[in-house]
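Protein chains: 4
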Amino acid sequence: MTEIRMGMVGGGEGAFIGAIHRIAASLDGQIKLVCGAFSSDAEKSRRSGAGLHLPPGRVYSDYREMMQAEARLPAGERMHFVAIVTPNHLHFPVAEAALRAGFHVLSDKPATLSLQEALRLREIVNSTGLLYGLTYTYTGYPMVKEARLRIAAGQLGNVRKVVVEYPQGWLARAEEDGDNKQAAWRLDPAQAGISCCMGDIGVHAANLAEYVTGLKISSLCADLTAFVPGRKLDDDGSMLLRFDNGAKGVLMASQISTGEENAIRLRVYGDKGGLDWQQHEPNTLWLRWSDRPTEMLRTAAPYLSALTLSNTRTPGGHPEGYLEAFANIYVAFAGQVRAREDGVAPDDRSADCPGIEDAVRGMAFIELAVAASDSEQKWHSFPGY
Amino acid sequence: MTEIRMGMVGGGEGAFIGAIHRIAASLDGQIKLVCGAFSSDAEKSRRSGAGLHLPPGRVYSDYREMMQAEARLPAGERMHFVAIVTPNHLHFPVAEAALRAGFHVLSDKPATLSLQEALRLREIVNSTGLLYGLTYTYTGYPMVKEARLRIAAGQLGNVRKVVVEYPQGWLARAEEDGDNKQAAWRLDPAQAGISCCMGDIGVHAANLAEYVTGLKISSLCADLTAFVPGRKLDDDGSMLLRFDNGAKGVLMASQISTGEENAIRLRVYGDKGGLDWQQHEPNTLWLRWSDRPTEMLRTAAPYLSALTLSNTRTPGGHPEGYLEAFANIYVAFAGQVRAREDGVAPDDRSADCPGIEDAVRGMAFIELAVAASDSEQKWHSFPGY
Amino acid sequence: MTEIRMGMVGGGEGAFIGAIHRIAASLDGQIKLVCGAFSSDAEKSRRSGAGLHLPPGRVYSDYREMMQAEARLPAGERMHFVAIVTPNHLHFPVAEAALRAGFHVLSDKPATLSLQEALRLREIVNSTGLLYGLTYTYTGYPMVKEARLRIAAGQLGNVRKVVVEYPQGWLARAEEDGDNKQAAWRLDPAQAGISCCMGDIGVHAANLAEYVTGLKISSLCADLTAFVPGRKLDDDGSMLLRFDNGAKGVLMASQISTGEENAIRLRVYGDKGGLDWQQHEPNTLWLRWSDRPTEMLRTAAPYLSALTLSNTRTPGGHPEGYLEAFANIYVAFAGQVRAREDGVAPDDRSADCPGIEDAVRGMAFIELAVAASDSEQKWHSFPGY
Amino acid sequence: MTEIRMGMVGGGEGAFIGAIHRIAASLDGQIKLVCGAFSSDAEKSRRSGAGLHLPPGRVYSDYREMMQAEARLPAGERMHFVAIVTPNHLHFPVAEAALRAGFHVLSDKPATLSLQEALRLREIVNSTGLLYGLTYTYTGYPMVKEARLRIAAGQLGNVRKVVVEYPQGWLARAEEDGDNKQAAWRLDPAQAGISCCMGDIGVHAANLAEYVTGLKISSLCADLTAFVPGRKLDDDGSMLLRFDNGAKGVLMASQISTGEENAIRLRVYGDKGGLDWQQHEPNTLWLRWSDRPTEMLRTAAPYLSALTLSNTRTPGGHPEGYLEAFANIYVAFAGQVRAREDGVAPDDRSADCPGIEDAVRGMAFIELAVAASDSEQKWHSFPGY
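Residue numbers (numbering that gives the first Met the number 0), protein chains in the order written: chain H, 0 to 384; chain D, 0 to 384; chain R, 0 to 384; chain G, 0 to 384.
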């Protein structure tokens, strides 16, 4: 199996999400970090690269320089794709530079700073014909995939009700006034965009609901809030949802739910059954029925689908977590790159990776949520793009 | 301690809730069932009374007749209060008849068929000066009381977010077309009023949220649905809430959440802490904090408040349930009756019982929920009465 | 349905278990407390009886006097049976007096102070032909009954492994040195017998294991301990078990497991499946399988057996607890009494009540446990009686 | 930070545990696989090495050859240590060969095939002065480390009771008769040693109990069983334990507990508090107290110790699992190797890694368990070595 070569933009020393991406990328030995522009501070980027055992010549302080330099390397040496792990406002320019230089892109979410940027990004992706992936991490969990497959197979019947929530408590106090760098940029419109809570976690919740149900949100009614005084962006939001099949739902995302960690949870109810998944114990999927016992499905069990099992590394009862879910996204994307190299179609596991349409949809969701919250009109239709 | 004498209207053979009320009333040996009009079918009422070991002369088929007959009995024999356990449309006329005949009333919820009736009922209660109680059962759980006290004491800080939900699955299919009598009347506007789901369980959720937080819902935005074809009343509903202190929230009630039982749950988040209670394991109350471990409080533990402990009958770890919570309402109401008899003020435990203001508020909630759902206007203010 | 009349010995003011028995007895309106000798202190017994609204003439201070006086009453007035809720050392003499006076007996456990007493009690029960029941409370839970039925139906296959545990923490400190009356008598050999922990809760665990599996413990190896200095009786014990079908097991009972409440739990594994039940959430029964999802069975669900459902009072999701389980024992025993009165055989629900053979077996277990613990011999056979 | 170079023996294509070790080793980017003898089948070893992107010259089919070849490489190229992931019977000879060739060793458990081998191994380790580590994986979980630290700090008081269990169900049927290679060798005395269940998982349970409590098992009483007909080795076992401070305990390990996965769990009770940890939800540690609420501690929370936090990679609520725990062992061992290279003492995190004394103790435990089970004598002392 060809080793896929990755470059990284962002994720220098001290950046939480950069380290997560690197572990996820390398977990299965299919992807090798070969270069990076880890910081616009040249010395910091250099130190980060050295700490990662990269040759100094492959460590950059400017992502544009990196794209050009890598493009000049022989095909067998240069990176295959760029992982973008910067704050939101750089997602678009870095992705654009990478694509224009001929590199595939795997980006952290949200895809861009605005819907407009996302639409431009789609044009570039489509015109270059290159691959684009997005780390909607929660869709990487094996039991989330099983949930999706069960619904697609009709086991729950016609979906009627969707409840998705993502409560956190880490912004219950004004962390941005201290030295919490992540809080600072996520609450800064210039770096985060028009939303903090919806842009950071609400968009995960919306994506999870759509991924699992196979439905699309058709309209929504929203109430976003900045509870902590002085904030320019929302730290909490709730919405009523309507889906394209007539189902209804609720989405809650919050960063001021004191004492909550990253408690993303999805419940779906059809006319035949219901399901329940939550990150707190991600290796379990609950199926509920009207007239027989609730079933507790567990990762790696023999009754799961082949796709689910292919996203698991350990035997049942040896828990997998967030890093493994994240790695599943990387493995799928690497599989797409490899298939492209080999001139074949990606297999099912590789194809199962969020892409540019999810990127656009996510940005549309964020903008619609903010607009709906600002409006006295009850329902706001999800626009088609 | 004086034994309090109770009459019952409704709850004849086969009626689920009547049996529950009788167990709850008698659980602590403080209340004795002395008479009843269990059914408007005289023979059925007679059989029910005989099964309950009542003297035939105290078993009636007409509640008006019962009021008159009981009123003629010596003070030491006649009932002290009437428990009303009929379908909704009879709550008001029975309560009115009882009050006008001089009897205190403890009614199942919702209090009446309409807000208008509830307002009239309040006038009657106030003009007669008699006692009125309402079985918002979930407020009877000891750990719900502890939750209320903790918030009142400021332990969670300023309340910002309230999430209350009550999912059921029993109406996911058209049960009303079969021989499910409860489904039939709850979905019949003539007997149930203008709402099924909100009138039956949404009102419980709203009451629980207000009881525990001590806040009042000030406005709401609602989306109610009748998912099962042919239904005239809602079987599901979700709303966005705003509270009078600026807190926000979500209320979900559903009868089509396939596989759910009676999973009422409340989460409250303040700027200092959060709490979580659910009926599935009612003897546990979770307190969450930003910087110290989540705490699991348990019924009967020594660190609970005196009021909480007074609502518990078993040592810690010997679970109590729904019947005991229900009994706590009865014991409180009986305590009010006894205090009235004794010419003293009720003690704290007795005073802690839903009353006529909760009755009015519940009906206002139901009507506002339906109106808001039918409207294209986003927010609807909770009217003052 | 004939109301069954009950007398009580023990359970005066302040006695925890007496109040529990009275609630359990009266819960379903089938049993009426008509007399009692609540304390050997005449004034205390009188006050207790008055608080229970008993006529003064039916309140006694001497249980022998009560037996004689009740026996002289007309058949339609005198009690049908005696509930014994005293400390252990009085179980036998009270039961003997009751039986000799012609009254059925329902006793708290352990049945007697010694195995020898239990064997004498069996002789008396058999010679009088009267009914004898024992409140092994945990067998009253509906899901425990379902567990028993599933195993009897072969769903788990051949049972191989049984793990039963009952950890408590209430005796982790020397409570007996303070004013904890229950701790004082349970740790006093004259009142409790030769064991505290095994006599109080170990015997429950052993009974639960045998009741659910339908197997008998054939031999055991034990290690009992008095961890708190100065104690004459055990406050903790663990054993290895062997059953009559070749299954093996472990029994743990402890009163020094700090922070545990009454966490009795049973796990059974057969060659086809496993089950798991615990009092902490008693309305759930888990079934585990090798090749399909774990199933979560819930009280009142339609897929349960008729016997299980007949032991439930509330709809699914409205939890039942310890008092209801206790009441199920009372209802079964009352059913036996009624059947005897009516000259018919008891129905399935009534027959499902621990009796004199369980009483003997329990005392044999306690004595064997203590002897085995004191011995350097590894295995000790459960003697046949 | 110097990259540590690892060689591997065993773990060729299709071997479950080899892949786990490789992921764990590489997870943090501190260790690089540079060579391996993945199988004694030369072609299979070659294919495995190629799949891992190793240069052909560093892939061997004979581990002795590997040791010699690597020893001849320049110091800056040859491996630092060997990871041994073969079936049990090869652990000793491979470790011996590696140590005699001058390489540190990190071995899967149990350390050897017999206690005698373990004692010889210790002599070799001591005489060579090289590093030896053992993958008792469960001690790698952050919350297990927190548990150990809390007990060491005296928070539970004097430890009295230890309950450790490891139920699995995968050998409930005769898997060894099919094509389950792992079942086949684990039940073959020539490859597995004198025990299957105790050698595979019982030893984990014993190690976990001793690691967390800081106590040593001083004597035990055991009952091992081969439930499935035809087996030469145990598939289940239970024991009573006594610890060197007077504490008592129970150890249960089972491979025939149908429906269980890898449900290792530890409970410890002291005179001040209790704790509970289980792999099913490994990011949670429960602390129980007699007079205040049970506390739920969570990975990555600010109130944890520095050592615990240093073993965590993700923010709270983003679960970590088995691979991360495994990686913590590798990181600690790599830290020891690096410290040795740098001529400094290992830091706290690196020092926290099972070593040769744990290896000897594990083999002593297995042999004592089997001997005790075969004996009619009740207690068997844990010998000193």
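Hint data in this document are derived by calculation from the structure and do not stem from the laboratory. Please note that the accuracy of each hint is not assured.
No copy labels: a pair is met if it fits in one copy or bridges any two.
Claimed, not checked - Using 25 Å as the maximum straight-line C-alpha spacing, the simulated DSS-like pairs for lysine-lysine come out as follows:
id	residue 1	residue 2
1	Lys-43	Lys-377
2	Lys-231	Lys-271
3	Lys-180	Lys-377
4	Lys-180	Lys-215
5	Lys-377	Lys-215
Structure-based check of all given hints:
1. Lys-43 - Lys-377: Classified as neither; 49 Å inside a copy, 50 Å across copies.
2. Lys-231 - Lys-271: For Lys-231 and Lys-271, the Cα distance is within 25 Å only across copies (22 Å; inside one copy 44 Å).
3. Lys-180 - Lys-377: neither (36 Å within a copy, 37 Å between copies)
4. Lys-180 - Lys-215: Neither. Shortest intra-copy (34 Å) and inter-copy (37 Å) distances fail the 25 Å Cα cut-off.
5. Lys-377 - Lys-215: Result: close both inside a copy and across copies, 19 Å intra and 22 Å inter.
The structure is inconsistent with the numbered hints 1, 3, 4, although it conforms to all the rest.
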